[in-house]
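S.K.: Counted the way this note's numbering counts, the sequence shown spans residues 21 to 652.
The set of hints was computed from the structure by calculation and includes no laboratory data.
Each residue gets a CB set at the ideal place from its N, CA and C atoms; glycine is no exception.
Accuracy of the hints is not assured; some may be wrong.
Think about it this way: if two alpha-carbon atoms lie no more than 30 angstroms apart in a straight line, the pair counts; the simulated DSSO-like pairs of lysine-lysine are [what the hints assert, rightly or not]:
hint, residue 1, residue 2
1, K553, K132
2, K243, K33
3, K350, K135
4, K33, K553
5, K191, K33
6, K33, K135
7, K191, K132
8, K553, K434
9, K350, K434
10, K252, K553
Computed Cβ-Cβ distance ranges for the label pairs, DEER-style [claimed, not checked]:
hint, residue 1, residue 2, range
11, D571, D372, 15 to 21 angstroms
12, D281, D341, 16 to 22 angstroms
13, Q450, H22, 51 to 57 angstroms
14, F275, P383, 26 to 32 angstroms
15, M150, G268, 22 to 28 angstroms
16, D451, L393, 27 to 33 angstroms
17, D571, L449, 42 to 48 angstroms
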Amino acid sequence: MHTGFRLFRYLGKYWRTTAIAYVCLLLVAVVELTVPNLVQRVIDCAIQGASGAQGGRGCPAGVDAATLAGQAVLILLGLTVLKSGLNFGQGFLGQYGAQGIAFEVRNEIYRKLQKLPFGWHDRAETGQLMARATSDVEQLRNFTGRGFLQLGQLVYMVGGISIVLFLTNWKLALASMVVVPPLVRAVQRYNTASRPLFYEVQENIALLASIVQENLAGARVVKAFARELEQKRRFDRQNDILEQEYLGAAEVQSFGNPLMDVLGNMGLVSVLWFGGYLIIAGDLSVGQLVAFNAYVMLLVRPVKRLGFLINQSSRAIAAGDRIFEILDAKIDIEDAPNAEPLPPVQGRVTFDHVWVSYYGGDPVLRDVSFEALPGQVVALLGMSGSGKTTTINLVPRFYDPSAGRVLIDGHDVKEVQIQSLRRQIGMVLQDTTLFTGTIRDNIIFGVPGATEGQITAAARAARAHDFIAGFPDGYDTRVGERGVTLSGGQKQRIAIARALLLNPRILILDDFTSAVDTETEALIREALDVLMKGRTTLIIAQRVSTVQYADQIVVLDQGEIAGIGTHQHLLETNPIYAEIYHLQLTDESVAAVAEEVDQRTPVPAGGWSGRGGDGSGRRRPDSGVGTNGAER
């Protein structure tokens with residue numbers, strides 16, 4: 021009931037539309053209740069009067085049977101037309117309100133997903149979220165557009181028909197009500213059994229959507245490892261579970277609907293049996309029995325739909341439960357009540373005894389303290405899992421420290437408005453995200469109103485203009501989903517142009533050259549020299565060669581600071597840094613020797629098997645051209 025009431029509050033914005041739809045429903049009920057009474061008058065007053073039998077009570081005096089029958093036919097035709105118009109009105113207005121509710125719920129889900137912190141998204145599955153924003157919302161729309169109105173119609177009809185039946189003949193009305201207690205019990209049991217089943221159905225739909233989303237996003241990996249068959253089996257297993265859940269729900273539904281049909285028809289049988297007895301006893305006219313029977317049939321029709329309505333309402337409540345799991349999720353990262361905009365900053369970043377724990381686990385950062393002065397380049401170096409990325413993510417407040425403070429120009433980042441904070445921070449990440457659209461759209465992502473001159477200047481500074489101009493459509497070239505039509509180096513330089521256009525005072529670079537070749541790395545470094553000029557730059561790196569010219573290097577080890585200083589100072593005084601340096605130096609030397617040996621190795625007779633395939637006996641070099649003519 022709690023979920024149901026929460027769903028109904030969305031009707032508030034559309035209460036006028038919903039109210040008019042219900043008025044139409046009420047008038048339809050009035051029309052339907054009028055028809056059996058007309059039939060009774062025709063039988064008792066016209067047919068029996070014409071045959072010489074005594075008419076029933078309420079027959080007009082001095083009106084012949086033919087006139088009375090003609091008037092009844094005309095009235096019935098008029099009521100039929102009126103009922104059609106009212107049904108159209110309630111159907112259209114019901115859908116109007118339902119579509120509006122779906123619109124509001126989708127917007128609310130999307131807005132909440134935008135506000136939820138990184139920690140929540142770390143645990144969420146994209147496919148699950150997509151299913152809740154689409155399939156679950158659709159279940160709500162179906163119920164509010166049709167089921168909710170039909171439920172109202174059921175209430176109208178049951179209430180109106182019950183009053184009419186008791187006014188017509190209370191004895192026969194009581195006989196028709198003998199099926200109500202078992203019917204109510206059947207409805208309760210059906211609702212109790214079906215709701216958890218439909219919740220499981222919605223959950224398994226979401227799991228299936230997650231598998232599809234993961235396989236589409238990771239299609240290259242699946243094909244690279246030849247795991248198509250295994251992924252198909254995984255999909256088949258989940259699809260089979262979903263089928264079994266659907267069949268379980270269908271079994272309950274298939275039992276419940278006929279049971280309600282039987283109970284409804286039992287009421288009809290009791291009316292015919294006891295009504296015949298009352299006619300023989302002279303307590304009931306034939307017309308009254310026919311009318312009574314028509315009323316009971318009108319009552320049986322919505323009762324037969326009761327199973328369908330319970331089915332719809334169960335699915336809607338289950339969908340609502342899943343939607344409210346998102347809407348009720350706690351937002352840990354949000355503006356403080358008294359937060360003010362962060363004024364333009366110089367770029368001094370201070371970590372003051374910072375501790376971080378994820379989800380109540382062991383600390384991943386322990387008492388981290390250091391400072392980056394305006395214009396300095398500060399590098400964070402350490403093994404995987406040492407806490408570099410966690411440290412960087414505290415600056416734009418993707419996460420909050422468990423203890424300690426992160427300050428920018430003396431302002432605690434938790435006490436300023438998040439939007440004003442992040443607008444002054446530029447980020448170039450290892451996993452560059454480009455959005456479906458054109459190169460221009462991606463460059464101006466942070467500054468939608470940028471002019472053509474500003475876009476071109478940012479691209480030139482990022483060493484991206486030349487390859488962009490080489491495309492047939494230039495800056496209007498579409499990059500495809502996640503930028504798949506561009507090379508890694510090209511995506512990085514577009515990301516640098518995007519950050520340049522933002523003109524941030526603080527710059528964060530997250531292992532930005534780990535996945536590119538030497539030539540592309542040189543181009544990226546040229547672009548970054550322009551980007552970092554006059555800005556406070558925080559760099560995450562795995563390689564010493566990337567950070568050795570930084571003003572300050574912070575060495576992290578298992579969440580703690582193991583050393584701070586310049587490259588030369590740390591090389592002489594810090595054993596962890598020296599070990600990383602010598603290991604990487606050894607690896608680079610081994611790689612250089614291997615490359616030299618490889619170049620001196622004679623070509624075997626018949627060429628390099630499986631290497632080039634060009635028949636030249638040499639490895640075929642990369643052509644340097646990718647999709648859309650992009651360099652690799």
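S.K.: Next, verify each hint and record whether it holds.
M.R.: Do the hints match the structure? See the list:
Taken as a hint, the K553 and K132 pair is broken in the structure, with Cα atoms around 37 angstroms apart against an allowance of 30 angstroms. Proximity of K243 to K33 is assessed by CA-CA distance (about 49 angstroms); at most 30 angstroms being required, the pair is judged violated. In summary, the hint linking K350 to K135 is supported, as the alpha carbons are separated by about 10 angstroms, within the 30 angstroms threshold. At most 30 angstroms may separate the alpha-carbon atoms for a hinted pair to count; K33 and K553 exceed this at roughly 52 angstroms.
For a cut-off of 30 angstroms, the pair hint linking K191 to K33 is broken: about 45 angstroms separates their Cα positions. This hinted pair checks out: K33 and K135 have alpha carbons roughly 23 angstroms apart, not beyond 30 angstroms. Our distance criterion of 30 angstroms between C-alpha atoms is broken by K191 and K132, whose separation comes to about 58 angstroms. Restraint check for K553 and K434: the C-alpha separation of about 28 angstroms stays at or below 30 angstroms, so the hint holds.
A distance of roughly 17 angstroms separates the Cα atoms of K350 and K434; the hinted pair therefore holds under the 30 angstroms criterion. The hinted pair formed by K252 and K553 fails the criterion: a straight-line CA distance of about 51 angstroms is larger than 30 angstroms. For D571 paired with D372, a C-beta distance near 20 angstroms keeps the hint of 15 to 21 angstroms intact. Judged by the Cβ atoms, the range 16 to 22 angstroms given for D281 and D341 is violated: they are separated by roughly 29 angstroms.
The hint said 51 to 57 angstroms for the Cβ distance between Q450 and H22, and at roughly 45 angstroms that hint is violated. The hint said 26 to 32 angstroms for the Cβ distance between F275 and P383, and at roughly 55 angstroms that hint is violated. Distance hint for M150 and G268: a CB-CB separation of about 24 angstroms, consistent with the stated range 22 to 28 angstroms. The supplied range of 27 to 33 angstroms is met by D451 and L393, whose beta-carbon atoms lie about 29 angstroms from each other.
Separated by about 22 angstroms at the C-beta atoms, D571 and L449 break the suggested range of 42 to 48 angstroms.
Of the numbered hints listed earlier, those contradicted by the structure are 1, 2, 4, 5, 7, 10, 12, 13, 14 and 17.
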